[in-house]
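Asks: Those protein sequences? They're chains G and L, same order as listed. Quick note on this note's numbering: the first sequence kicks off at 1 and runs consecutively. Quick note on this note's numbering: the second sequence kicks off at 1 and runs consecutively.
If you are wondering where the hints come from, they were derived from the structure by calculation, not from laboratory data. Computed from a prediction, not measured in an experiment: that's the story for all the values here. All C-beta atoms in this analysis are idealised placements derived from N, C-alpha and C, irrespective of residue type, glycine included. Please note: incorrect hints may appear among the correct ones.
Covered stretches of chain L (in silico footprint by chain G; criterion: 3 or more residues with CB under 8 Å from a CB of chain G, positions within the stretch not fixed) [as the list claims (entries may be wrong)]:
(1) 434-447
(2) 462-473
(3) 483-490
(4) 562-571
(5) 586-593
The following label-pair restraints were derived from C-beta to C-beta distances [stated by the list, open to error]:
(6) L:GLU300 - G:PRO109: 42 to 48 Å
(7) L:VAL387 - G:SER82: 29 to 35 Å
(8) L:THR359 - G:PRO109: 36 to 42 Å
(9) G:CYS116 - L:HIS526: 35 to 41 Å
(10) G:PRO112 - L:ASP261: 35 to 41 Å
(11) G:ARG58 - L:ALA173: 54 to 60 Å
(12) L:ALA290 - G:SER107: 30 to 36 Å
(13) L:ASP195 - G:PRO29: 26 to 32 Å
(14) L:ASP261 - G:GLU84: 36 to 42 Å
(15) G:SER82 - L:VAL384: 33 to 39 Å
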Amino acid sequence: MMMLKARRMAAALALILIALPASAQPAPPPAGDAARGKQIFNSDGCYQCHGYAGQGSRSSGPRLARIELDFDAFKTELRQPSNEMPPYTESVVSDRAAADIYAFLRSLPAPPTASCIPMLSH
Amino acid sequence: MAKRGSAGVGRRGFLKGAALAAGAAAASPPLAHAVPALPDPNTKRPILIQLAAAEAQAPPAEALTEGKGGGDFMVDVLKSLGFDYVCANPASSFRGIHEAIINYGNNAAPEFITCTHEENAVAMAQGYYKMAGKPLAVLVHAVVGLQHASMALYNAWCDRVPVFVMVGNGLDAEKRRPGVEWNHTAVDNAVIVRDYTKWDDQPASLQHFADSAVRAYKIALTPPMGPVVIAIDAGLQEDPIDPAAKLMVPKLPRTTPPQGDSAALADTAKMLVVAESPVILVDRLARSQAGIDNLVTLAELLQAPVVDQAGRMNFPTRHPLNHSIRGRALVTQADMILGLELRDFWGSIHSFRDQIERTSKPIFKPGVKTVSIGAGDLFQHGNVQDVQHFADIDLAITGDGEETLPYLIEAVKGQIDGGRRAAFDARGKKLSDQHDKSLQESRDEAASAWDVSPISTGRLCAELWEAIRKEDWSFAGGGNQTFFSNWPQRLWDMTKFYHYNGDSGGAGQGYGSGAIVGAALANKAHGRLTVGIVGDGDLMYSPGALWTAAHHKIPMLMIVHGNRAYHQELMHVQRMADRHSRGIDRAHIGTTLIDPAIDFAKLAQAMGVHAEGPISDPKALGPALKRAIATVKGGEPVLIDVVTQPR
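Okay, chain L solo, but in the shape it has when bound:
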């Protein structure tokens, strides 16, 4: 793309032109008077005189190069915040900072990661943060780039993940080239994503940028976390830094997440200790190993079952107190329910029936005590309805779950006496036996369609587990776990925080590929083997992440869950057909990915990714996975396209 201003008149060009015009004006009458009514050969003469006069003044040559531009200082700010990467699809509205990153910043910390779509860039940031525990930066084009990014930003918002987005802009209309630069400029870029971002600003100076960037970073990482947007003016990026400016990068303070009120925690501890059948429901709690370890400590103190709803990796899957598969049953029996960072407390304790008359009913016992701990109430927007049904909870403790857990643990310790400890031990023994029984049930269910083609999701996940279990592995997720029946949580031995990376949050399609590659980017520094499972429908939104993985040599194994349909929607359309008694032979219209079936292996190969498939013979899957793992361990990305059962 042509350099900004090359076809028009830049600020300095404008000044030079003005000087010339002023000289010319001194030597000639005003233009209005210089244009005669009729052609006259003499009219050329004054112009020649003008030029001669201008040349005689010998103006200085136009300055076409400069030293440090504003983008350099912006890079200083980014470096101060510790960004290792900036993901972006290149665009003229941020060419100033782009050039500064790769040259002034030497393309290191942050390194520029080339993305083929802004949705991928943000999805990578979402997957990266959850795995790395720190954000990466994203650059998007003014207006159109942010529009591309908006879906992924909504996922990140719903998932309470910090994403640091900078959007280019061209505030000074005098500097805009005619045409497309006007289309790619907005008075208020961030308005289109403000309903699902946490904060935004449009700095008017470099110092303002520094302050806002550090402020945005701090806001994004303070629970409840969320995406932020900073609009960066092209002029600020490109114009030389005023030598007189005293620019400084503000200090990023060490921040502490909000924790729950101690009196409320003491009350909760009493309820937990006296309860005969407590249950701990957990969703987006742990963002580090400490979060997992503390939840284990709490559960073991109480010998209480934990139901991990898998918004994050919260609790070891093989722990005797992990009863995630029995969540509904445990709620029906519970006399005390503790919800930790639940996205949907109401949905966890009610049933809901999707028939003509939509009905719901509580599944909990009368008199049950309910307590929630979470930071969600600290920040919400009113438009998008990701708040879920209002749950009539007895005690809602506002505070970050992971930060609050140690204090709850101490409060519980102070409440347990010998009698309760004996009761807890007896409860724990029963729960341990039930855990073993549930694991066996899951294994039997996985076996039930073992040799069937298309390949069952149970066999797919069992084969994948067999292929990775001896490695230092990381499951980057890639989509809704219920789409493949939560098999990894049911069959795999997950213990570390990086063993699972949660889901999209907003269920917006196009998350999987970017999130897997982003998580793999975070894992690359640790040498972990990254695997993920992405739906075929989801991958068709954003396959370009595969090219990014190939280009930047980001090792990961992406499995395609190829049920060849937008299967959730297929079921919905069938439900409508059933409701109207209109047959069982047309719901595939508009919901399936057949005729032709998509060859994802060829798609990946076209982007430089090793790939195999489509694989529909279950016996061929294990050997293919072994080959794939060997290639990934060699530092390459791999895709395996598996033709699967629906769920």
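Next up, chain G with everything else stripped away, as it sits in the complex:
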């Protein structure tokens, strides 16, 4: 029951966040250490579903490289995922570690486009 209540509250919170006026700009992401974020990302957790380069897979998890979600939304999805993703509580991935991961994902270089790779046109 407690779990259900927590989930309903989280869902309600998500709705409130979605309903915020556009003028309410998200807070800037905390400064993170991209190198440390890479190390955390490629330990047992994130890379398993999203790939070592955050490229994602249709069969396991979406692309995260150069993530466009703001940090708060990223953290919400980390803590209280809406879909299949398992939850990463603060005791497992601290807010600081989350910021580091976020920094790593944002720091990744732009991938080549398919048009730059001739064999991908065949």
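For chain G, the structure is supplied; the task is to place chain L on it using the hints.
Replies: What follows is chain L alone, placed relative to chain G:
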């Protein structure tokens, strides 16, 4: 292994011994009376007399050779059924038919294919059937061999693939040598696989074998198809054929698969034609080019999108109506869903969330019409639960999908008028544009980790496609396509039935290597270039298939998807750790294949297979594939070990 009966008393040996004993008995008192209470030198005398008396009778020399054995007739039966190959790991319980195959049958049609494990033998049969469209035979040892084969039989059962298994046995306890032959005998061998085979029998005579073999073949190939098991007694194989026996091989009838009811098909045609947003979901439909072509005809008549779930090669990947990548989205928008030979209709139209509370919900619109066509309901077992969730479908048409399609096409043709045709054309134009967009999205996704090491599965499949696309190629699969993100279906131009061979069916590990080699065996006669991708965890179950490929010169390219983990299980364990907030640094325990990493190239080389790897530099992959293709085209098997991203 010693010849059956050499250390014991065979039937004829027993008769000869009995004759000697009878002679001796006539010349001496019963044994109980011949044994005195105390040693007496005179007690030897009667025995000498016995021997002398026996020699005096000059019995005929023991017959140690014979003409045709029962195994020869069994080979006649196998030949009548058209088996080109019999895959087996040799075993004493079928030595009679083994010898008959290679000598009486001249080791041709069927040719004996040496396997290093029964799981490989059956996996080869599964891969072979789907590619060749005809089964091969498998011989397994009594009890232990069938136990080894059981996992692969379960895959074949789930995959609805006919596999013809013969298991040796030694029914007559009088003939069994002491020791291991008793361990390798069962009153009912097939009981251990009966939950996932379609039929079995244990013939008591050669004629019974002939009838049962032909019956088993017919049952196995009648949809829904499945494995069958015939226990063949060693005595039947080895004993001479009774000259008075009037043995005959029964005729194998031409059979027709069950087709869907015509009235139900007419109803389905009406639903399809009036629907504004129909979608065709297809899984294990096509077993021939006709199946693919007919599905193309149906889709084009309706200008309806097709979502190929890839249980077979069902629909050309570059066809404008192929929308496999958008399956879920199309279901949410559909007002009519037609499922063709789906293994999981419910799962195709529901979402499922694997959190503490497992939840599901329909993703289809209220009022959607749902129709299934498939032969699955015609035969099921109650124990193994491969039936999936029960789907509340509006109309379930029982009939073989491929066989039924032509009749559905005719019914649809009769329903389309000019107005609907114009609507279909407009729908088709939108779908064509969306198909092009989806293809571009897939290409962009493949590019996204292009230069990353370990090598991305997208780059692996793009490089492989580049290496084979100008050849007459065949992708033998090798495992679960989602394990490498379905890239071949998304990037390659697949049009022919042999361009893809489906998956394991039961998701039992150890399928990939045998299935690839089996498919390659089928392709060998056509000169097709066979490639497959097998997971490193899967290959470790059954690497011996590589030796079989080398020994029998079966050309194929096996790529190892080396993510160095039982990765699906790694993700599951991480999920449990996350659920309990226990960190992210221990899920690798028990789930990874590192320390040491396995050198699959050396493993393959040790079995006589050309091999390269491990390759972790993406730039090195293309040249390695070119070298490999050249070697395969020269008639050799090749393995390339690629260190890959997880999915």
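Asks: Against this structure, judge whether each hint is valid.
Replies: Checked hints:
1. 434-447: holds (count 6)
2. 462-473: That given contact holds, which follows from 5 residues of the stretch 462-473 of chain L lying within Cβ reach (below 8 Å) of chain G.
3. 483-490: As far as the stretch 483-490 of chain L goes, the hint holds, because 3 residues have Cβ atoms under 8 Å from chain G.
4. 562-571: Contact hint for the stretch 562-571 of chain L vs chain G: holds, 3 residues under 8 Å.
5. 586-593: Coverage by chain G holds here, the residue count being 3 at a Cβ distance below 8 Å.
6. L:GLU300 - G:PRO109: 42 to 48 Å: Because 43 Å falls inside the window, the suggested range holds.
7. L:VAL387 - G:SER82: 29 to 35 Å: holds, 31 Å
8. L:THR359 - G:PRO109: 36 to 42 Å: holds, 39 Å
9. G:CYS116 - L:HIS526: 35 to 41 Å: For L:HIS526 against G:CYS116, whose Cβ atoms are near 37 Å apart, the range 35 to 41 Å holds.
10. G:PRO112 - L:ASP261: 35 to 41 Å: violated, 54 Å
11. G:ARG58 - L:ALA173: 54 to 60 Å: With Cβ atoms ~58 Å apart, the hint holds.
12. L:ALA290 - G:SER107: 30 to 36 Å: Violated: the Cβ-Cβ distance is about 54 Å, outside 30 to 36 Å.
13. L:ASP195 - G:PRO29: 26 to 32 Å: Hint violated: Cβ distance 56 Å, outside 26 to 32 Å.
14. L:ASP261 - G:GLU84: 36 to 42 Å: holds, 39 Å
15. G:SER82 - L:VAL384: 33 to 39 Å: holds, 34 Å
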